[in-house]
Amino acid sequence: MEYSLDILRYNPDTTSSSTIINVASVIYYFTNDLWVRMFAQNNTSLDRFYFYGLFGWRFKPPFGALYLIYTTDEWIQVLPGAEDNKRHTRIFFFKLTYPILIGKG
Numbered sequence: 106m107e108y109s110l111d112i113l114r115y116n117p118d119t120t121s122s123s124t125i126i127n128v129a130s131v132i133y134y135f136t137n138d139l140w141v142r143m144f145a146q147n148n149t150s151l152d153r154f155y156f157y158g159l160f161g162w163r164f165k166p167p168f169g170a171l172y173l174i175y176t177t178d179e180w181i182q183v184l185p186g187a188e189d190n191k192r193h194t195r196i197f198f199f200k201l202t203y204p205i206l207i208g209k210g
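Per our numbering, the very first residue in the sequence shown carries number 106; after that it's consecutive.
In short, the hints are calculated from the structure, not lab data. What you are looking at is a predicted structure, and each value in this text was computed from that prediction instead of being measured. By construction, the Cβ of each residue, glycine as well, lies at the ideal position given by its N, Cα and C atoms. Misleading hints may appear alongside valid ones.
[To be verified] Pair by pair, the computed Cβ-Cβ distance ranges are:
(1) Y115 x W162: 37 to 45 Å
(2) P185 x M106: 19 to 27 Å
(3) I181 x Y203: 41 to 49 Å
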């Protein structure tokens, strides 16, 4: 498990851009070729939370692999003259790589 804390202070900070960024991640290896990674990040100046999940499987190491990635993002959108709205985005990504031999090796 890993954790990092970054404090960004700007001087002078006329736009209130100083922020604290918290990052936590954990990775679990079932085998050298099968793993899960979870990652979370928070940015205090934007009131945003990011969450990521990655599942990786190398079925034909080192290049044949399958990756399943899920990400979600949550924030409060402030619009002039409107109520603050909580927003979410969710993305699922799939990646497959497979080695192909062209010609005689």
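Has the hinted range 41 to 49 Å been met by the Cβ atoms of I181 and Y203?
holds, 42 Å
Could you tell me whether the CB distance from Y115 to W162 stays inside 37 to 45 Å?
Since Y115 and W162 have Cβ atoms about 43 Å apart, the given range 37 to 45 Å holds.
Whether the CB-CB distance between P185 and M106 falls inside 19 to 27 Å:
violated, 41 Å
Hint compliance for this structure: hint 2 is the single one not met.
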